[in-house]
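> Listed here are the chains, written in short residue letters.
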Amino acid sequence: MDRHGHWLTRGGLALAAALPAAFLAIFFVWPVSSIIARGVLVDGTVDLGGFAETLGNSRTLRVIGQTLAQSVVGTTLAVLLGLPGAYLLYRCRFPGRGAVRALVTVPFVLPTVVVGVAFRSLLVDGGPLAFLGADGTFGAVVAALVFFNYAVVVRTVGAMWAHLDPRAEQAARALGASPARAFLEITLPALAPAIASAASLVFLFCATAFGTVLILGGPAYGTVETEIWVQTTQFLDLRTAAVLSTVQLLVVTASLVVSGWSRRRRETALQIQTDTDTAHRVRRADLPAVLVTTLAVLGLLAPLASLLAGSLRTPTGVGLDNFANLATTGSGASAGDGLGSGLEVSVWQAALNSLRIAVDATWIAMLVGVLICLLVSRRPRRPAARRLLGAFDAAFMLPLGVSAVTVGFGFLITLDRPPLDLRSSAVLVPIAQAVVAVPLVIRTLLPVLRSVDQRLREAAAVLGAGPVTVFAAVDLPVLGRSLGLAVGFAFAVSLGEFGATSFLARPDRPTLPVVIFRLIGRPGADNLGMALAASVVLATITTVVIGLAERLRVQSAGAEL
Amino acid sequence: MFTHTRTAALAAASLALTACSAIGSDSGASSDSTDAGSAGGTVVLVTHDSFAVDKKLMADFERESGLTVKTRAPGDAGTLVNQLVLTKDSPLGDVVFGIDNSFASRALGAGVLQPYASPQTPERADELAVDDSDRLTPVDYGDVCINVDRGWFADRDVPEPQTLEDLTDPTYKDLLVVTNPATSSPGLSFLLATVGAFGEDGWRDYWAALRDNGVKVSDSWSDAYFVDFSGSQGKGPRPIVLSYASSPPAEAGPKAAKAPTRALLETCFRQVEYAGVIDGADNPEGAQQLIDFMLSTRFQETIPTTMYMYPVDEQAELPPAWARFGPLSEQPFEVSVEQIDANRREWIEQWTATVIG
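Chains A and B are the protein sequences, given in the same order.
Numbered per the numbering used here, the first sequence spans residues 25 to 585.
Numbered per the numbering used here, the second sequence spans residues 2 to 358.
Chain A on its own, in the form it takes in the complex (with noise of 0.2 angstroms):
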């Protein structure tokens, strides 16, 4: 290569790193580390104290317990029950595949609030349920988390299983081995990369969840989110929460250290397949996914039916009469008599605000997600530049470990003059989501981005490429192939995210889940009936999108690899 064009890729690579790193720190590092601050420093001096008084309380150390055993035990499930949903929804093909792929995403995008209330639904006493007496216990809280999750599995580890060469498989049982024995030995080694990617994303699920776990745990069951939650919100505890925070902190940190390394030792260049068809039919051999994932998406489907059930339920009996609803801002017949929602725009209003935020969430998300990849998918030779791009990466994750509330006061107290003033500005709804959503993009497409062997790239070097063309030709039909995956979670996200969105949210422009959140708070079948349609409006967009960016391909000449 010569000294232009090496000087070039430096180039490229800097400004690559620091747009990312800028988004970063403006919209993360920088307001967290400010409320932190504040609960830390006291007229200017570092007290410490209220590190020893909260940790040397044992309803803390409880919660901080509890908040790692339903984290731990959630990922565990999440990850066993999806990588049989990963192999049939991504490697084998049978009709109604895309249907089911969609299907398995909408818990995801659900708000709390209401998964809440349809699961507790089934769990309570004289619900179709009630026999498994889990209403408020450990189970019902893990049961929810698998609930929430399964589909970070099935998609992170999909995205890689579905591009993944078949042959080194097919060529160990040629050989002899078994079936188990070639996808232990051969298959599962080339997944760990994206298997430890979605075990990390969903442990941070896990540990930040907070109307999950309030819900369907009861009282007893504190998080340390919820616990900062209280102490922020309630109690204007800046001391505690700042400890708690910390705490949140390096919990996420640990989690990340341990997947990083996880997946360090396994990332090797792998055979990529480059025809999107590595799909086979179902076959016999294929009846045990099958079973099991029968299985998970039944039990994803027992709230939602309980969903879409409460939502065709009427005052008199069944009906569209909640759908036929959405298109007014309350119960408009029944107004005079006071007894309206007390929207202000209504649910067709607030799915059209919630699509417009999340298109922009989105392209921020994409841009944002995809300069880092590039940028960390690099293997640089000296190991202090490995380390460095280690934790880049890394620090990307930390938005999805630390409190909505943390994140949402600091926005508070930083961005709060200009050039920065922020608060009020529609900009940061849309931003703050994509701050949830750039992790996701990351751990979607770097797998597979890492899998490209190094030497191709420096074999089109030498053969006189650019670093526009070695991309064009080497990286982007690679990423392309996962590029759709990719915008649909980011999408999904956005459309469903309610925490920093909720501290954000402006009355005249709600989004749906800030809408629905506010219906179900109100006494009244129609309330309550409008929740649960608005919910299934919910749950119908977030399908259609995401079926839609699944055929999502970016086509380029280079696609012959």
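Derived from the structure by calculation, the hints contain no laboratory data.
Given the structure is predicted, the values throughout are model-derived calculations rather than measurements.
Some clues are possibly wrong.
Covered, in the sense of this in silico footprint (three residues per stretch, anywhere, with C-beta under 8 angstroms from a C-beta of chain B), are these stretches of chain A [what the hints assert, rightly or not]:
#1 119–130
#2 147–153
#3 313–319
#4 431–441
#5 460–469
#6 540–546
Heads up, the beta-carbon is just placed ideally off N, CA and C, and yes, glycines get one too.
Position chain B against the provided structure of chain A, taking the given hints into account.
Below, chain B alone, put in the same frame as chain A:
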């Protein structure tokens, strides 16, 4: 070829979606235009996430006053007050609505409000005022009360409970569901009702008796009311729930002759919601005009429909269902705002230790 066509179509579709991006359309939205062609300018209302206003009414106000009203709703009442306190040096807006009596003392103590005595203030507002500093103007109020499912009790020929003491009676074992005071505002109100009823020394014993009588604690109002309560659309297992005096009209529906649920008026705690001009407001005159508007009869009459609270203005006409099925308590339990603010945390912690363990 087929794939390429499809790709092109999808690209076109995504472009179309981009065209409706929120950032792109932001400047055109009326609520954001800083200049409404008037001298009044913009007034920023900071409120809680249950705030709502009749859109037409607000448009009328904007036209008459020449003001443009922007609304921000960062969370529940606690979040609202805490955010005001944190942003004292760089205020979030001009006027606040939705500070309630459980957080009033914190807002006053932190000095985030400036005095304003509205000429519109109705008589009843004096009874509901926190102090005589004119920094918090009462706008609406309501009662948090135990509600019962009347049909459940009628079917079983069991008399409905009436008082707080009744709830500890074995007749009502395992029938009551309340919400967690740490995470739910009605939950805190009910804890305060018991403090008011049994005193600082007696309320923990009362809760111990409730616990022994099988009280269920759910996390949020939605959860308790729609999942556990038998009198809502959710048709849960428990016929006694913590809710509001305004809930029975909502269950009755517009044309009902009687309501299926009833609020026990001897178990209530009164919530009052206040508005105030934020200290350091950019547009204090606009803030004052907005408070006057919130006290006007036309705004007050929409409060039951939009926010499920009762207007402070006694001239304001209540919706018929409210007048029939939603009476307020004549003697709600009381705890002073200073006492609430000084003890909130301790009480919640003691409550958790007593009831949850």
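> Next, verify each hint and record whether it holds.
Results of checking the hints against the structure:
1. 119–130: With 0 residues closer than 8 angstroms to chain B, the stretch 119–130 of chain A misses the three-residue bar; violated.
2. 147–153: Coverage by chain B holds for the stretch 147–153 of chain A (3 residues, Cβ < 8 angstroms).
3. 313–319: Coverage by chain B is violated for the stretch 313–319 of chain A (0 residues, Cβ < 8 angstroms).
4. 431–441: It holds: at least three residues are needed, and the stretch 431–441 of chain A offers 6 whose Cβ sits within less than 8 angstroms of chain B.
5. 460–469: violated (count 0)
6. 540–546: Holds, because 5 residues of the stretch 540–546 of chain A bring their Cβ atoms closer than 8 angstroms to Cβ atoms of chain B.
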